[in-house]
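Here is how the chains run, residue by residue.
4 protein chains.
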Amino acid sequence: MIVAMQETATEEQIQDVIEHLVRMGFSVHRTTGERQSILAAVGARVDFDTRNLEVLAGVEHVHRISAPYKLAGKAFRPEGTIVKFANGVKVGGDEVVVMAGPCSVESRDQLFTVAEQIARAGARALRGGAFKPRSSPYSFQGLGLEGLKLLREAGDRFNLLIISEVMEISQIELMMPYIDIFQVGARNMQNFNLLRELGKVRKPVLLKRGIAATIEELLLSAEYIMSGGNYDVILCERGIRTFETYTRNTMDVCAIPVIHKLSHLPMAADPSHGTGIRDKVAPMARASVAAGTDVLLIEVHHDPDKALSDGAQSLYPEQFSKLMDELRMIAPAVGRKLAPAAQLVRT
Amino acid sequence: MIVAMQETATEEQIQDVIEHLVRMGFSVHRTTGERQSILAAVGARVDFDTRNLEVLAGVEHVHRISAPYKLAGKAFRPEGTIVKFANGVKVGGDEVVVMAGPCSVESRDQLFTVAEQIARAGARALRGGAFKPRSSPYSFQGLGLEGLKLLREAGDRFNLLIISEVMEISQIELMMPYIDIFQVGARNMQNFNLLRELGKVRKPVLLKRGIAATIEELLLSAEYIMSGGNYDVILCERGIRTFETYTRNTMDVCAIPVIHKLSHLPMAADPSHGTGIRDKVAPMARASVAAGTDVLLIEVHHDPDKALSDGAQSLYPEQFSKLMDELRMIAPAVGRKLAPAAQLVRT
Amino acid sequence: MIVAMQETATEEQIQDVIEHLVRMGFSVHRTTGERQSILAAVGARVDFDTRNLEVLAGVEHVHRISAPYKLAGKAFRPEGTIVKFANGVKVGGDEVVVMAGPCSVESRDQLFTVAEQIARAGARALRGGAFKPRSSPYSFQGLGLEGLKLLREAGDRFNLLIISEVMEISQIELMMPYIDIFQVGARNMQNFNLLRELGKVRKPVLLKRGIAATIEELLLSAEYIMSGGNYDVILCERGIRTFETYTRNTMDVCAIPVIHKLSHLPMAADPSHGTGIRDKVAPMARASVAAGTDVLLIEVHHDPDKALSDGAQSLYPEQFSKLMDELRMIAPAVGRKLAPAAQLVRT
Amino acid sequence: MIVAMQETATEEQIQDVIEHLVRMGFSVHRTTGERQSILAAVGARVDFDTRNLEVLAGVEHVHRISAPYKLAGKAFRPEGTIVKFANGVKVGGDEVVVMAGPCSVESRDQLFTVAEQIARAGARALRGGAFKPRSSPYSFQGLGLEGLKLLREAGDRFNLLIISEVMEISQIELMMPYIDIFQVGARNMQNFNLLRELGKVRKPVLLKRGIAATIEELLLSAEYIMSGGNYDVILCERGIRTFETYTRNTMDVCAIPVIHKLSHLPMAADPSHGTGIRDKVAPMARASVAAGTDVLLIEVHHDPDKALSDGAQSLYPEQFSKLMDELRMIAPAVGRKLAPAAQLVRT
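Chains as they are written, first to last, in the working numbering: chain A, 71 to 417; chain B, 71 to 417; chain C, 71 to 417; chain D, 71 to 417.
Hint data in this document are derived by calculation from the structure and do not stem from the laboratory. One or more of the hints may lead you astray.
One copy or two, either will do: identical chains are not told apart, so a pair holds if it fits within one copy or between any two.
What the hints assert, rightly or not - Cut-off 30 Å, straight-line C-alpha distance, at most; resulting in silico cross-link-like pairs (DSS-like, lysine-lysine):
id, residue 1, residue 2
1, Lys-376, Lys-407
2, Lys-376, Lys-273
3, Lys-376, Lys-392
4, Lys-407, Lys-392
5, Lys-392, Lys-160
6, Lys-144, Lys-219
7, Lys-376, Lys-154
8, Lys-140, Lys-376
9, Lys-270, Lys-331
10, Lys-331, Lys-219
11, Lys-144, Lys-392
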């Protein structure tokens with residue numbers, strides 16, 4: 071931490087700040103310049119609130135030097151994290167892993183129809199929500215346990231990993247037998263109680279960036295999970311809130327290379343939520359692969375017009391299939407590949 | 071709802087949109103202009119996703135006419151809501167009600183010291199967190215039940231209402247005996263499961279605006295609570311996230327008069343979180359009263375330098391007392407008043 | 071325009087609003103619903119301020135139906151605009167046109183070195199600033215006329231179009247003999263006097279989106295130019311300001327497909343300004359092509375470390391050359407191509 | 071400036087960064103910690119681009135220590151700046167100076183009617199635009215020189231200072247004989263050529279914050295003017311662009327106390343543009359005074375419904391008069407006062 075003192079700071083004020091820093095566990099190096107004194111505080115702690123120094127008399131600015139996370143930082147594992155699954159799929163390797171499926175699990179028919187189609191097109195994982203608390207108290211709220219069972223069954227049938235959203239601590243145990251990846255939604259990115267519990271499980275977690283969360287905050291939430299011992303965290307860009315209202319969110323595609331520089335964790339992109347509207351999903355999926363994403367999350371529905379949620383941002387299966395072909399052309403430009411189409415072997 | 075068709079829309083496309091609207095339960099009035107057709111859809115439903123129409127062929131724009139909330143809207147109770155408490159305090163009436171106290175309950179000594187000082191200065195409620203899941207996994211996490219008991223005891227001693235944050239459904243029952251107002255934090259503004267449960271309790275809820283939430287989304291969350299039968303909701307502005315980083319958040323003071331126009335619910339302002347730094351709390355507290363707030367939430371600590379959380383944004387008791395005097399001068403300009411200082415009667 | 075009246079609006083208020091609309095030149099169709107009356111105002115005017123209706127008594131909301139622009143809208147030229155240049159280059163066709171060069175023209179040596187390298191790599195246009203009023207009053211301010219002459223000479227030598235920024239009306243005439251495309255910077259996007267004058271010239275204009283400008287505002291600024299008779303306008307996404315501060319701006323890649331849907335005008339992307347940092351330029355350039363951009367603007371400098379401005383966001387020539395190869399792999403995925411490398415024929 | 075090196079930085083990389091800093095004119099103090107080296111660069115230069123260091127190999131972060139402005143900073147004139155006018159009005163003293171009037175000067179009748187009414191209510195300056203290039207190419211564009219003459223005449227008649235917006239360098243000379251304060255609009259906050267010229271004139275400048283400008287950028291623009299020798303700069307908050315769209319802009323009331331801490335320059339607030347809608351002007355004007363503003367800019371029109379521009383955000387004269395009375399009640403809470411009403415002496 072660097073504390074820049076005001077030009078007018080008195081020696082007494084400087085000593086007071088030094089004492090604070092020492093009490094906080096830092097060693098302090100002082101540089102006395104022509105105009106001002108600068109205190110460099112070096113130490114192992116990362117969990118302090120810089121504002122506690124900013125309010126001290128004589129302080130001009132406080133700068134955090136080290137990132138406030140360690141386990142999530144690049145230096146912790148410079149070679150990068152590869153999340154490996156039992157069926158051989160690797161997230162963070164040279165394959166761009168596509169996870170697709172409906173917003174909500176609505177019925178067996180719906181789920182199996184979509185699952186077969188996405189598997190045929192080259193997807194590696196089936197996504198689908200079982201719990202859907204909605205912004206309106208009057209809407210469809212999800213199938214719950216029944217949905218989880220359907221997901222597992224479809225996954226087994228079409229050789230797809232299962233990813234589904236966990237919204238409360240109490241759902242973790244319920245979901246464990248059925249899913250391969252816990253998804254944490256944007257609204258729960260800073261639900262620290264939930265993150266703490268997910269740090270104790272032994273399944274990968276896909277953590278979505280909150281719509282008002284900085285990249286640093288996203289990494290700090292990953293740190294929360296990792297500090298519990300679960301290092302298989304996949305981060306996900308899904309759009310942030312800006313003044314532009316034409317699209318529901320503004321997808322921060324640049325977060326992909328930024329996080330690849332700051333962290334060893336694999337990065338996902340969710341253009342369905344990132345744009346909120348069907349005809350923007352394909353362009354932003356292509357852009358995400360071109361920018362280096364490790365994972366794509368895409369909403370697909372065989373009859374989006376009748377979808378119980380998010381139909382407007384779901385691709386038709388044929389659109390998804392065409393998109394996959396385009397992505398196969400783009401991936402080599404960034405040294406990546408996608409699973410081939412028509413790989414489907416019913417088990 | 072209004073659906074504006076593209077100039078180039080075919081009659082077939084227009085009929086298709088009309089059928090959709092009818093299927094959704096609307097009656098449709100069509101206006102055929104020189105350049106384009108406009109469909110006005112009228113009906114009782116408020117819980118639809120306009121994007122489902124936007125993706126239909128030939129549609130240019132879809133405009134929601136009615137607000138997507140009803141119970142929270144001004145028309146539901148044009149005279150305004152007054153939340154009344156057993157000790158005679160009324161929120162939403164002609165008194166600006168000040169709620170103050172430390173960020174976290176840290177100890178009996180700390181809490182009682184602060185409680186006495188704020189009561190003496192004219193505060194009506196004591197705030198303090200018992201559960202403090204923090205953004206860093208390494209920080210103080212709150213006293214839990216012990217904190218709740220201390221709050222109740224201090225409230226009884228100094229004739230202060232108790233307001234404390236509820237973070238999970240499981241805490242509701244735990245908190246019921248000890249608090250007078252449930253506070254829902256910004257991060258939980260869209261935790262719909264929690265909101266639904268709070269709709270069933272018979273205690274007022276103070277609902278904070280999320281840092282990326284629009285005013286409409288805040289009202290929709292209030293609707294969620296109210297739809298369960300609990301109409302005693304107080305809304306709270308506490309800063310939104312913008313590009314300006316000098317302050318932690320940008321306090322949207324104008325949300326106060328905006329919400330007073332749109333809704334009958336009382337409005338609170340939290341300049342402590344809205345600014346994040348001590349010397350900006352008093353100016354923004356004054357601004358909030360001048361803009362018409364019904365409630366002020368202020369963090370006060372008798373020794374902020376040693377506070378276990380948010381010390382940098384907590385006022386010293388003497389600063390709080392001076393602020394209360396300033397607010398007493400401002401309130402009459404908006405036809406309001408504050409409780410007098412030194413009203414303290416130990417019970 | 072649609073005016074939704076409040077449920078409580080009186081007949082007198084409704085009549086008053088109707089009269090206003092008629093006075094403004096609209097014909098009005100009234101729909102009387104169970105809960106509220108809705109007025110649909112149809113007419114040719116696009117230049118009104120909807121707030122003038124919002125303040126009238128009894129009005130709930132006012133919705134603009136038609137886009138406030140006409141010439142820039144898709145319907146005006148559904149087949150799309152192709153901007154053609156004398157040397158055969160076409161912007162908006164099947165070639166992604168790359169425009170590259172230094173931030174500022176610094177010297178003959180610098181400019182010719184960079185120009186040769188970008189031409190060899192497949193760029194079609196040379197960019198470079200001659201006028202550089204800087205945010206600090208103490209920095210390099212550009213070579214002025216001398217810079218324009220150097221640009222023209224380099225363009226002729228290496229068969230590159232010349233694009234350079236115009237900042238004031240007085241520069242238009244000065245620049246005319248030397249440049250092929252006028253660039254309007256983000257800060258001047260709403261300098262309407264400048265736009266009006268550019269509407270009178272017969273050279274294409276590349277109009278950059280302001281950092282706080284919505285897509286609609288960008289299209290309205292294009293309309294300003296086009297209303298003067300100059301229809302050769304290229305729009306450009308170069309990053310918007312958001313709460314995320316890791317990158318200087320957040321590049322709104324999705325603006326590319328959004329504008330392609332709303333407008334017939336070609337779309338450019340500027341990942342150099344959009345990110346502000348060298349190692350993010352290539353990923354975002356790739357993303358932009360994958361999202362469908364017609365033009366790329368890239369800052370390249372043969373010795374960025376010594377550049378007088380924006381060195382940190384300039385690519386080294388070898389990085390640019392590598393990027394061009396990657397883009398050649400991506401372009402076919404969106405049905406596009408790039409000019410081949412080593413096409414250079416000295417004239 | 072502080073440069074934090076990566077943990078993995080080599081000694082060679084560290085030496086390279088040190089050489090860069092020395093070449094830039096800094097003296098460098100090195101702190102070698104357990105985990106990383108930190109370089110503190112001390113020197114007089116303020117005009118550098120920190121990104122030039124960020125791109126060097128081995129650099130983790132670069133922190134600017136000193137503010138990038140000097141003349142606008144508090145330390146330059148800790149006692150604060152008071153801008154004095156010939157008629158005795160002082161901006162930055164104990165009087166809150168109210169400047170009011172129509173958006174545009176439309177006619178002699180209009181201007182004199184409004185001027186008399188605002189003077190009677192206690193305003194000290196008359197505002198009004200003579201040049202109105204509008205976002206739509208089809209709207210009223212202002213009276214030009216004729217408008218300036220009317221402003222001067224009205225100012226002389228009702229003892230009001232005249233403030234009007236300057237949009238181009240060529241207007242400065244034209245305006246000099248007629249106005250007392252040059253207003254620079256939000257869109258021109260970073261028109262550095264214009265700012266440089268205003269640095270040479272000997273009339274005060276009121277500089278509005280751009281809708282996407284940080285407080286630091288506003289101060290840097292003030293520095294630009296001051297570096298030319300004109301120290302009479304008044305800064306103005308008028309709303310920033312955020313995701314909240316209910317109001318046209320989000321007024322950052324907290325910018326008032328923030329700038330009062332960082333700078334010696336007086337601060338103005340413009341709730342008319344800050345909110346964009348009439349019924350929010352009074353609450354935000356009150357809030358601004360409560361937060362400590364030195365100046366208020368308020369749009370007033372005797373017949374806003376027929377105003378040629380911005381009628382929707384203009385107060386009726388009686389609303390303005392009532393607001394002034396409210397402000398007179400609030401000002402003493404912050405140790406200020408307002409000019410009395412009915413002070414009018416026709417000259």
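Structure-based check of each hint:
no.: 1; hint: Lys-376 x Lys-407; in the structure: neither (33 Å within a copy, 38 Å between copies)
no.: 2; hint: Lys-376 x Lys-273; in the structure: neither (33 Å within a copy, 40 Å between copies)
no.: 3; hint: Lys-376 x Lys-392; in the structure: within (22 Å within a copy, 46 Å between copies)
no.: 4; hint: Lys-407 x Lys-392; in the structure: both (16 Å within a copy, 19 Å between copies)
no.: 5; hint: Lys-392 x Lys-160; in the structure: both (23 Å within a copy, 28 Å between copies)
no.: 6; hint: Lys-144 x Lys-219; in the structure: neither (37 Å within a copy, 44 Å between copies)
no.: 7; hint: Lys-376 x Lys-154; in the structure: neither (36 Å within a copy, 45 Å between copies)
no.: 8; hint: Lys-140 x Lys-376; in the structure: between (46 Å within a copy, 26 Å between copies)
no.: 9; hint: Lys-270 x Lys-331; in the structure: within (27 Å within a copy, 47 Å between copies)
no.: 10; hint: Lys-331 x Lys-219; in the structure: neither (38 Å within a copy, 41 Å between copies)
no.: 11; hint: Lys-144 x Lys-392; in the structure: between (35 Å within a copy, 25 Å between copies)
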